[in-house]
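Asks: Residue-level listing of the chains:
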Amino acid sequence: NAGVMQNPRHLVRRRGQEARLRCSPMKGHSHVYWYRQLPEEGLKFMVYLQKENIIDESGMPKERFSAEFPKEGPSILRIQQVVRGDSAAYFCASSPWSVRVSNQPQHFGDGTRLSIL
Amino acid sequence: AQKITQTQPGMFVQEKEAVTLDCTYDTSDQSYGLFWYKQPSSGEMIFLIYQGSYDEQNATEGRYSLNFQKARKSANLVISASQLGDSAMYFCAMREDSSYKLIFGSGTRLLVRP
Numbered sequence: 001n002a003g004v005m006q007n008p009r010h011l012v013r014r015r016g017q018e019a020r021l022r023c024s025p026m027k028g029h030s031h032v033y034w035y036r037q038l039p040e041e042g043l044k045f046m047v048y049l050q051k052e053n054i055i056d057e058s059g060m061p062k063e064r065f066s067a068e069f070p071k072e073g074p075s076i077l078r079i080q081q082v083v084r085g086d087s088a089a090y091f092c093a094s095s096p097w098s099v100r101v102s103n104q105p106q107h108f109g110d111g112t113r114l115s116i117l
Numbered sequence: 001a002q003k004i005t006q007t008q009p010g011m012f013v014q015e016k017e018a019v020t021l022d023c024t025y026d027t028s029d030q031s032y033g034l035f036w037y038k039q040p041s042s043g044e045m046i047f048l049i050y051q052g053s054y055d056e057q058n059a060t061e062g063r064y065s066l067n068f069q070k071a072r073k074s075a076n077l078v079i080s081a082s083q084l085g086d087s088a089m090y091f092c093a094m095r096e097d098s099s100y101k102l103i104f105g106s107g108t109r110l111l112v113r114p
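Chains as they are written, first to last, in the numbering used here: chain A, 1 to 117; chain B, 1 to 114.
Next up, chain A with everything else stripped away, as it sits in the complex (with noise of 0.2 Å):
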């Protein structure tokens, strides 16, 4: 999974209480990107961040979705007041810069599972 961590790797939520899940990209990568895949699909783009800018969340629900990506520290996706519906794998990546400009793929955590009660 070249170096990228996410934690937890599972997380049992009820509904209607807040999930955080943590990335911390590979060593010298300063853009992350979040994926979610919903059971038996492919992965689905939500969220590009570089340090401390949101660069893009097209892909992120308007409402109770968040995300950071502070000067120091990990990036985090918050989800607030969890639904059924959030239960998903949520996976991470990183790269050095833009992968616009590069050919690099990008490089995947193992990914949170989120399972909400």
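These are computed hints drawn from the structure, not numbers from a lab.
Hints may contain errors.
Pairs of lysine-lysine residues, derived as DSSO-like cross-links and limited to a Cα-Cα distance of at most 30 Å, are as follows [to be verified]:
#, chain 1, residue 1, chain 2, residue 2
1, A, K62, A, K51
2, A, K44, A, K62
3, B, K16, A, K44
4, A, K44, A, K27
5, A, K62, B, K3
6, B, K70, A, K71
7, B, K73, A, K44
Computed far set for chain A versus chain B, every beta-carbon distance over 10 Å [stated by the list, open to error]:
#, residue
8, P8
9, E18
10, M26
11, I54
12, M60
13, E68
14, G73
Reference listing, derived: stretches of chain A covered by chain B, where coverage requires no fewer than 3 residues with Cβ under 8 Å from a Cβ of chain B [as the list claims (entries may be wrong)]:
#, region
15, 41-50
16, 106-117
The structure presented is a predicted model; accordingly, all values stated were derived computationally and were not measured.
Ideal Cβ placement from N, Cα and C applies to all residues, glycine included.
Got chain A; can you put chain B on it based on the hints?
Replies: Leaving out everything else, chain B in the frame of chain A:
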């Protein structure tokens, strides 16, 4: 519109034989990249192989090769000499060079029989 189509929900292959996993794509961009990822039952996403739209040669990485047919917009993954550990979900993905978003297909579940 960007789209990846994987028409085989599930495939079987006998151990040591070769298998081809189909992938077709749709894009109006001239410059793009195609990727294959493997997702074993443990859930992680493992990058396998990359093909650029301007690459003349088909990409190869060990037992993996990509059969790239640009005019047909297909990028099939060929796994030679299948092993039991190849049993997994396989996803084809595309990224247009004007974007940073990976667009994934729905995946093909491969089961290697002993």
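Asks: Please go over all the hints and tell whether each is borne out by the structure.
Replies: Taking the hints in turn, this is what the structure says about them:
no., hint, in the structure
1, A:K62 - A:K51, "21 Å, holds"
2, A:K44 - A:K62, "15 Å, holds"
3, B:K16 - A:K44, "33 Å, violated"
4, A:K44 - A:K27, "25 Å, holds"
5, A:K62 - B:K3, "23 Å, holds"
6, B:K70 - A:K71, "42 Å, violated"
7, B:K73 - A:K44, "21 Å, holds"
8, P8, "13 Å, holds"
9, E18, "23 Å, holds"
10, M26, "13 Å, holds"
11, I54, "13 Å, holds"
12, M60, "12 Å, holds"
13, E68, "18 Å, holds"
14, G73, "22 Å, holds"
15, 41-50, "holds (count 6)"
16, 106-117, "holds (count 7)"
Hint compliance for this structure: hints 3, 6 are broken, all remaining hints hold.
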